[in-house]
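Asks: Each chain is listed here by its residues.
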Amino acid sequence: MSSPEEILDPELKLYEARKNVFPKAVNGTFRRLKWAIMAITLAIYYVTPWIRWDRGPYAPDQAVLVDLANRRFYMFGIEIWPHEFYYVAGMLVMAGIGLFLVTSAVGRAWCGYSCPQTVWTDLFQHVERAIDGDRNAQFKLQDAPWGPKKIGKRLAKWSVWLFIAFWTGGAWIMYFADAPTLVVDFWTGQAAFVAYATVGVLTLTTFVFGGFMREQVCIYMCPWPRIQTAMMDEKSLTVTYKDWRGEPRGSVKKAETQPGSFGDCIDCNQCVAVCPTGIDIREGPQIGCITCALCIDACDKVMDQVGRPRGLIDYATLEDAELEKAGKPHNPIMKTLLRPRTILYSSIWGAIGLAMLFAVGNRTRIDISANHDRNPVYVQLADGHVRNSYTVNLRNMENRPREMIIGMSAIEGGVMWSNAGSRKAAGQKLVTTVAPDSIARLRLYVAAPGAGPVREEFALTVTAADDAEAKDVDEVFFERPETGE
Amino acid sequence: MSENKRVDQPTGTETVGHEWDGIEELDTPMPRWWLWTLYATIIWGIGYVILYPAIPMLNSASEGLLGWTSRGEYEQAVSARETELEPIRQALVSTDIRKLHGSPELMQQAVEGGRSAFKVHCVQCHGSGAAGSTGYPNLNDDDWLWGGDLEAIEYTLIHGIRNPDHDETRFSQMPAFGRDGILQATEIQDLVSHVRVLAGREKQSAAATRGAALFEANCAVCHAADGTGDRTQGAPNLTDAISLYGLDRASLTDTITNSRYGVMPRWGQRLDAATIRMLAAYVHSLGGGEKLPALQKVADTLNEGDGDEQS
Chain C
1 MSSPEEILDP
11 ELKLYEARKN
21 VFPKAVNGTF
31 RRLKWAIMAI
41 TLAIYYVTPW
51 IRWDRGPYAP
61 DQAVLVDLAN
71 RRFYMFGIEI
81 WPHEFYYVAG
91 MLVMAGIGLF
101 LVTSAVGRAW
111 CGYSCPQTVW
121 TDLFQHVERA
131 IDGDRNAQFK
141 LQDAPWGPKK
151 IGKRLAKWSV
161 WLFIAFWTGG
171 AWIMYFADAP
181 TLVVDFWTGQ
191 AAFVAYATVG
201 VLTLTTFVFG
211 GFMREQVCIY
221 MCPWPRIQTA
231 MMDEKSLTVT
241 YKDWRGEPRG
251 SVKKAETQPG
261 SFGDCIDCNQ
271 CVAVCPTGID
281 IREGPQIGCI
291 TCALCIDACD
301 KVMDQVGRPR
311 GLIDYATLED
321 AELEKAGKPH
331 NPIMKTLLRP
341 RTILYSSIWG
351 AIGLAMLFAV
361 GNRTRIDISA
371 NHDRNPVYVQ
381 LADGHVRNSY
391 TVNLRNMENR
401 PREMIIGMSA
411 IEGGVMWSNA
421 GSRKAAGQKL
431 VTTVAPDSIA
441 RLRLYVAAPG
451 AGPVREEFAL
461 TVTAADDAEA
471 KDVDEVFFER
481 PETGE
Chain Z
1001 MSENKRVDQP
1011 TGTETVGHEW
1021 DGIEELDTPM
1031 PRWWLWTLYA
1041 TIIWGIGYVI
1051 LYPAIPMLNS
1061 ASEGLLGWTS
1071 RGEYEQAVSA
1081 RETELEPIRQ
1091 ALVSTDIRKL
1101 HGSPELMQQA
1111 VEGGRSAFKV
1121 HCVQCHGSGA
1131 AGSTGYPNLN
1141 DDDWLWGGDL
1151 EAIEYTLIHG
1161 IRNPDHDETR
1171 FSQMPAFGRD
1181 GILQATEIQD
1191 LVSHVRVLAG
1201 REKQSAAATR
1211 GAALFEANCA
1221 VCHAADGTGD
1231 RTQGAPNLTD
1241 AISLYGLDRA
1251 SLTDTITNSR
1261 YGVMPRWGQR
1271 LDAATIRMLA
1281 AYVHSLGGGE
1291 KLPALQKVAD
1301 TLNEGDGDEQ
1311 S
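So the sequence lines, in the order shown, correspond to chains C and Z. Each residue of the first sequence is one higher than the one before, starting from 1 at the first, in the working numbering. Each residue of the second sequence is one higher than the one before, starting from 1001 at the first, in the working numbering.
Be aware that one or more of the hints could be misleading.
[Said to hold, decoys possible] Distance condition first, Cα-Cα at most 20 Å in a straight line; then the derived PhoX-like pairs of lysine-lysine: (1) Z:K1119 with C:K424; (2) Z:K1291 with C:K13; (3) C:K253 with C:K301; (4) C:K242 with C:K301; (5) C:K235 with C:K24; (6) C:K301 with C:K153.
The hints are simulated quantities; they were obtained by calculation from the structure and are not laboratory data.
Looking at chain C on its own, in the form it has when it is part of the complex (with noise of 0.2 Å):
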């Protein structure tokens, strides 16, 4: 990163251009894994939105659908209610206990792999290494002043960027509604201004994050990168330099001159070229790692060349690093992954994911809740009885129409009527049909005779007139004027 010079001298600025960084090309087993990851994670954010599963006629057919206009998140069999968005909440703990316990097992995984940001910029590289060429053609293409074919090749380039953004935010509104009819409507300029809005900015941030910002998204921008130094202890994985081994540093042809004064390390700055974020991991662990492990790569195959072993730059744990230093055998593998920390988090992250599925397989999609009114609490009638009136919604959370029978606990002589009936058809249950997947609201009113206890406490219940088991019940109270006069 810097040279002696600068250490001795710094020179004083308060602003700093970015430095650029032209990763080179390199082949191995840590690339191979990241387009695999790529093509994987890039093929379910595309594909999901298109994968179709039948509900019935009332409810949506798209697998997967985040529906915020009727308030329902469809996700394969599972269907969530706004009021369920617990389960949601359940989901990002989840998600948030998975990053955890892979960066306490495996370091920064989730940053050289996964992360949008990651692939993202990987991705736009790629279409900047085959329109621009490698490492040294970009430097040189950098430096060039501008002319015709500098002035092509950067709109080539930006062109295929755009594309490649514009289909990132065109994906992700297919989340929202119909995928089939809302490309439809995009293109025909029938869909929402939301939609364009949305596809219009995701375009622009991943242009600007993958195409210009990349590497300082990660080093200014996101705060996990400072989650994780403090998740991260001397059993977790990370990319190591063995400086014990690679120390000092010297030519192939300074090593056979000087036999044994030099370190495996023969200075070739190949690791420093593959590096995406543009860093040298012989100076140790960093922010700017994002543990890609394409150094690795490019370092055994350097090794491979001169003669040497393997795995001078390596994924090893911090123990295991002091353990080679002072000559002995890591760890066994098992006992670095299998640790109290990761078992906890293990553990933690199951049993949210259990009960949550528990929870789900156990909701009853029928719901009850009333809200007595409270201006006025009651009102006197003109026999002397008291009327307490109630703001009933019944969730049927199914998708089909359904008949419903709302009862009551009983009261001394109490009756209850909806708005749609009157106090002379009143009795003790009523029964009323819901719409599929939605709410009913009604008033309901409940009178009784005048005389008992100022407040008496009654529930009401609402059963499916399909099926018994399926009921829910919300404790209500009515109440009387204190004294008779």
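Fit chain Z to the supplied structure of chain C, relying on the hints for placement.
Replies: What follows is chain Z alone, placed relative to chain C:
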């Protein structure tokens, strides 16, 4: 402390010179793009100051080129909403109020419109929950002075109660039996006893029997011989559990001695027809609304059938 500045060896960056328990801070240069975002906000800020009200002057702020005001935005939003609601108001006015129950959606819209109009025009006397208070009727209950079907409520709203300058207003006047010397104080007490017996608040007594004769002579013409009142002249039913001015002896004595004269404005001269219809629908929806007399007959026959099924 700046003399403690030193160059940090691993990073080659100078420290800021502070030190807390051995922890030092690097004076890392800001990234240049960050500076651009600062400039961008400055440019945006200048544009904002020119386009929108921003600079405080003596009496008000500078107006801004766009002429935007929060009051203007509010008025725009209100008038946009009013334009949106115009078709509903038109439909309400052009529908016969006796047939309003035939279109539940329009009825619901009218109720919701009435709910907000009530909060502006009616809550001052009838209260925000329409529960009224002494002298101001509770609109939630099933006891009506002048009638509780949609048409009657609308008539009351349009023409008001006891507006002397208006011929069609709901009008009646109870004599001030004590003040005008029609009855003696003891006679009034006898009448009070009788009315309390009618209302079920007192047991039969000699005073009440004397009161019954007085009632027959002085009150039955309006309140009916059995005390059930007469809606055509707003004479309250004295036999039910609800009273506007109270059924205790003191209140009843005051009522009979000095009479009562409750007044409601005639909203026909203040509000448009659609708003009045909405208010009628809202008041009718509060729980005590009665069916139109013609509909009531049909409903009664139907309910008898229902009652058999349920029992």
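Asks: Determine which of the earlier numbered hints do not hold for this structure and return their numbers in increasing order.
Replies: 1, 2, 5 and 6
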